[in-house]
Every structure is written in structure tokens, then in C-alpha cells.
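> For the record, the sequence lines run as chains G and H.
Be aware that the first sequence starts at 529, since it is given in this note's numbering, and climbs by one per residue.
Be aware that the second sequence starts at 2, since it is given in this note's numbering, and climbs by one per residue.
A hint or two may mislead.
What the hints assert, rightly or not - Partner residues aside, some chain G positions facing chain H, computed with beta carbon under 8 Å:
no.	residue
1	Trp560
2	Phe561
3	Phe564
4	Trp606
5	Thr610
6	Ile650
7	Phe652
8	Gly714
9	Ser741
As the list claims (entries may be wrong) - Across the chosen pairs, the derived CB separations fall in these ranges:
no.	chain 1	residue 1	chain 2	residue 2	range
10	H	Ala206	G	Ala617	28 to 38 Å
11	H	Leu49	G	Thr610	32 to 42 Å
12	G	Asn580	H	Phe148	24 to 34 Å
Hints were generated in silico from the structure; no laboratory data involved.
Just so it is clear, CB atoms sit at the ideal spot from N, CA and C, and this is done for glycine as well.
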Amino acid sequence: MEHAAQDRRRRRRISKRDSLALLLLAAPGIVWFTVFAYGPMVGLVVAFKDFNIRQGIFGSPWNGFANFRYFLSSGDAWTIVTNTLVLNALFLTASLLAGLVLALMLNEIRGQFYRRFMQSSIFFPYFVSPIVISLMLQAILSGVGGRGGIVNDMLNVFDLPQLAWYTTPGAWPWILTLVKVWQLGGYTSVIFLAAITSISEEVYEAAAIDGASRARMALSITTPLLLPTMGILVVLGVGRIFFGDFATIYAIVQDNGILFPTTDVIDTYVFRSLRTIGNFGTTAAIGLFQSVVGFVFVTAAVLVQRRFQKESAIL
Amino acid sequence: MSTSELAPELTSPAGSIAGPGQRTARRRRSLRGRLEPFTVVSYVGVSLFGLFCLIPLWMIIAGSLTDESALARTGYSLFPHPFSLRAYELLFSGQSLFGGYAASLFITVVGTALSIYCTASLAWVIARRLPLVSRPLTIFSYIPMLFHGGLVPLYLLVTQVLSLTNSWFAVILPIMMAPFLVLVAVSFFRALPEEVIDAARIDGAGELRIFFQIVLPLSKPILAVLGLFYAVTYWNEWFMPLLFLSDPSRYPLQLILQNLIANVTNAAALPGATAAQASAPVYQLRFAMTVLTIAPILFAYPFAQRFFVKGITLGATKG
């Protein structure tokens, strides 16, 4: 009711001068979106061209699907596509679960000072840049001068064999997942905590009267009520599942080819080929492939969510 | 790429959100009584995760203050011994550190100001619910969240079309607006009291006057949130500089640090290959550089963290 009245008032006719002023206000944003968000979409024609810099984006000759064929037959396609999917699925699951568990546990902490201190501590990694993360990881895994490192020292204490981490590709999906949990666990928990505060206290009081323990409440009340939030985060995550976390992965792996079998994702592959081979057409084709498949994933995720959680659907 | 990492859009599962004061009072009431196992588990779990988050940071700080010879001989310890400030002396006596700070500051300050201005003004126009304008504009700024051109066209755009190579604007412009934050700002603006704005209109204020003198002053919370999200993105950005800056004297801090790492990374991965490098305080230098890169964040943190929580919560309740 109120909204309708508000809408009507807002829809009042506006004068020419007013619309000019509004256009002026919106202009920088519109220009930015046109150039930097839509411009590159137009630039994707490069994917269908035999691009060379002299003739430019529109002057270069067309070559149909040759770029796509080249990529798909190169043998790397399968590896980087599966890596992208596997790594992102691991990142998403692990950081959501960690966030959920942390939120449930933080919710139990009563001392205000301790609670706030802990919340700040676990949120902190969100502010740390990928480069710094990569350096911390090197310090922990390979130590100084490539020997030692805290993890290996600990393995030593338990009489386990030490590992040269930076030459062991099999370990990296897990290491990267752990990094993601470190980076986003606290951040995700804040999102869940925000949702927890909107759960009515009466539910808990009723449960307490029925003799429910705190653990039971967390499991049977809080967790189910957090499902809509979880759903949205999953949808957003699935929407990005094709855009491997480039900044973090590349900062950590750099050009260490030994680790590529398990860590090379579409974005790092594109960047490397762009820099070393300089083949714009093929790399643009991979980018287009990535965008289209990514778009399909987003749409599917949104549709599935609409089906099961109508009230909190994103679109 | 990093802007898409920003806070996800959320809707809250139920109704309005209780104020923090109210919340704690309620919690205290309902939590009187005996200590339950889950509570104990929670304290231990959260404390351990807290340590897990902070120890790497402490290692870096301690490492930056430990003499390189000790770093090489005994590895890391949690307490710097023997204590040494040599890396910091070296860094502060060189030019690149100050150049790095200048670049990072320029990118962060100018970028954040531009970002806030463009995001807020576009969001305001969308929030006005103008017929024929607002809805198309919403879709216009939503589509880039779902579909984008990718790296190659962006690279060509910045280097070939706009010729921004080696300009700090090549770092700022590509990540200047985050569609998600536009939508968060829209929902904030829509919740502003309509009466105040109507009153200004009746008094004859034009659209620009209303935006700058009434809307913006009322919107300090959302401006702070936008500013923080954007500032962190700019400060931590290293990929755009890597792509578009080739002149080392224009490198921001993250890229200087990245170079410091990359130059010995592969050597460091192989055991025994680094005897020669151990003589220069390579590791201590890297740690010191890292500390200097995150120092501004550490100083701003107590202030910023509050706003960040607010920003995420805002996204969570307004969605």
C-alpha cells in the first residue's frame, strides 16, 4: 500500500531541466559501463578473427571457428576446464561450510570483548592481498632458502616424511582450498551472523523450554533458517564457478609449471598464453567460451534457486 | 576480476533486523545458566581459527625483524632473535618504497573518489524509479555481473584503443565500478525518507541540488561502505598493474612486492639452490616489504572493520 503511494508520488512528471540534470548525474556511470563493461563484449569478435595488431580489432580478417578448434584440440582444454570446476567447487564448499560453522560458534560466545576481538581476527584475512598471501604461504611451506618451513618442521616432529611442496602438484587443490578458507571463512561467517540476528528469539526460548541443548538449537533451528542465505551464496558461487579465482591462484603459483596439472585454471591459462604466445584470437576464444559457459551456469543456478526458494530468489 | 569478489548480494530470511543493543540484552537473558558442551567447543573452535588467521601475519612481522643469518640457519621463530632492522633501513634508504607508496596512494585515493562518485550518482538515478529510465538502467548495470568480455578484449581496449599503458588510470578505470555495489547503493537510497526529498522539491530545489545537498549528506553510511570496499580493492590490486604498467618507477606496492617474490621464487622452491642468495637479506627484505604493504590496512583496520560488517549486513538485509 505504502509502496504504491510512494511510487505514484515518485512517478510525478519531471521537467526537461530535471531530466537533463539527472542525465548529467548518471552520465559518468553510464559511460563507464558502456566502455569498460560492454566495450569488451564487442571486442569479443576477436575470438572469430585472425587478429593482428596492425589491422586492429575490426580490420583483421575473419577466420570462423578456427580459434576455438585450435584451443579444443590443444590438449590443455580438458585439464584447465576440469581444474577450474574442481578448484572452484572446493573453494565454494569449503568456505561456505567454514563460514557457517564459524557463525554458529561465534553465536555462542558471550563475552562481548572476546567476541568482537575474535570476529576482527577471523575477518582480517579478507583484507590481505593475494600477493601477501602468496608470500606467507611460501614462508610456511618452503621456509628460507627452500628448506624447512613450519609445516615440514611439524612433519619432522611426528617422524613423517618432508615434502617439497612447490614440486608436488597433488597437494595444491587442498592447499589452495585451505587458503580460501583462511581468506573467506571469517568474511562468510559475518554474512551468516547478519542473517542469524534476524531470527526471532522466541523460537530459541520455546526450544529452551522444551529442553533443547545449545548444540540442538544450532543444528535444528539456526542451520535450517540459514538455508535461504546459503542458497543465495551457492547461486552466486556457482555463477562464478567458471571464473577461477585468478588473482589468488596466479599470485601463489606464478609460472611454476610443475604445478600446472592441478592448478592451471582458465584465467591463468589465458593470461599466460597472452603473455608468452601473444595469440589474441585464441585467448579471446577461450575467454568467450568461458563467458558463455559461465552464463549458462548462472542462469541454471538462478532457475534452480527460483524453483526451490521462491521467496529469496535473486532475480 | 577482484571486484566480482566483493560482497555477494543477500536477502535476509525473515523480517527486520534487531539492533545490536537489543540483541545482546536478549542474548544475555536467554543464556543465563550452565555452560553447555557446545559452548565450550565453540570457544575452543573460534579461538583456534583466530590463531590460524593471525599466526601467518605474526610470522611475517617477526620474520621482518629477524636477522637474515638467523632466518637462514634456524628458520622461523615466533620471536625475532637476533633482532634486526636492517631490511627496513634498506627499504627506507631506497627510492622504490616511496615510489610504491605514491603509486598505491594515487590509485587508491583517486580511484576510490571516482568510484564513489560514479556509483552513488548512477545509483541515485536508478533509485528515483523514473519511468522508462530506472528499469532499463538497472538491467544495464546488472548484465555485466553475469556476462563479461574477459581479459583479451579488456587488454586490447586499454592498450590499443585508450592507449593507457603506463598510466595509473589503466589500473583505476577497468575496476572503477562494481555492479553489485551499484545495486547495494540503490537499495540504500530507496530506503531514505521520501518526505525530506519532497520537502526540498517543494522548496524549489533542482535535481542536482537535491542530490548533492540532501541525499549525499544523508547517505554517509553507504558512502563509507562503498569507499571501504573500493579502497581495499584498489589497494590490493596487482593484476591490472601487472598487465598495464611496464615502467618500474610507476609500480604500486603490490607489484614491487610481487617482483621481489617472483625473482627468486623458482630458485627458492628447489633445495640447495639458494646458498648464494642467503648472503643478501632477501627474505628479511621481502617480509619487511610485506609488512609495509599491509601496514596501512592494519592502521585503518579497527575503524574499517566496523563499516565492513555494516556493509555486508546492509547487503544482507536490503537485497
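> Compare the structure with each hint and give your call.
Against the structure, the hints:
Checking tryptophan 560 of chain G against chain H: minimum C-beta separation of about 5 Å stays under 8 Å; hint holds. For phenylalanine 561 of chain G, the interface hint holds, the least distance from its beta-carbon to any beta-carbon of chain H being 6 Å, beneath 8 Å. The restraint placing phenylalanine 564 of chain G at the interface with chain H holds, with a minimum CB-CB distance near 6 Å, inside the 8 Å limit. Because the closest C-beta pair between tryptophan 606 of chain G and chain H is about 20 Å apart, greater than 8 Å, the hint is violated.
At a threshold of 8 Å, the smallest CB-CB gap from threonine 610 of chain G to chain H is about 20 Å, leaving the interface hint violated. Of the supplied interface hints, the one on isoleucine 650 of chain G holds, with its beta-carbon coming within about 5 Å of a beta-carbon of chain H, less than 8 Å. For phenylalanine 652 of chain G, the interface hint holds, the least distance from its beta-carbon to any beta-carbon of chain H being 6 Å, beneath 8 Å. With a least beta-carbon distance of about 7 Å to chain H, the hint placing glycine 714 of chain G at the interface is held under the 8 Å criterion.
Interface hint status for serine 741 of chain G: upheld, as the beta-carbon distance to the closest one in chain H is roughly 6 Å, under 8 Å. In this structure the supplied range 28 to 38 Å is violated for alanine 206 of chain H paired with alanine 617 of chain G, their Cβ-Cβ distance being about 52 Å. Between leucine 49 of chain H and threonine 610 of chain G the beta carbon distance is about 33 Å. The supplied range of 32 to 42 Å therefore holds. Range check, asparagine 580 of chain G to phenylalanine 148 of chain H: Cβ separation about 27 Å, and the 24 to 34 Å hint holds.
In this structure, the hints that do not hold are numbers 4, 5 and 10, in rising order.
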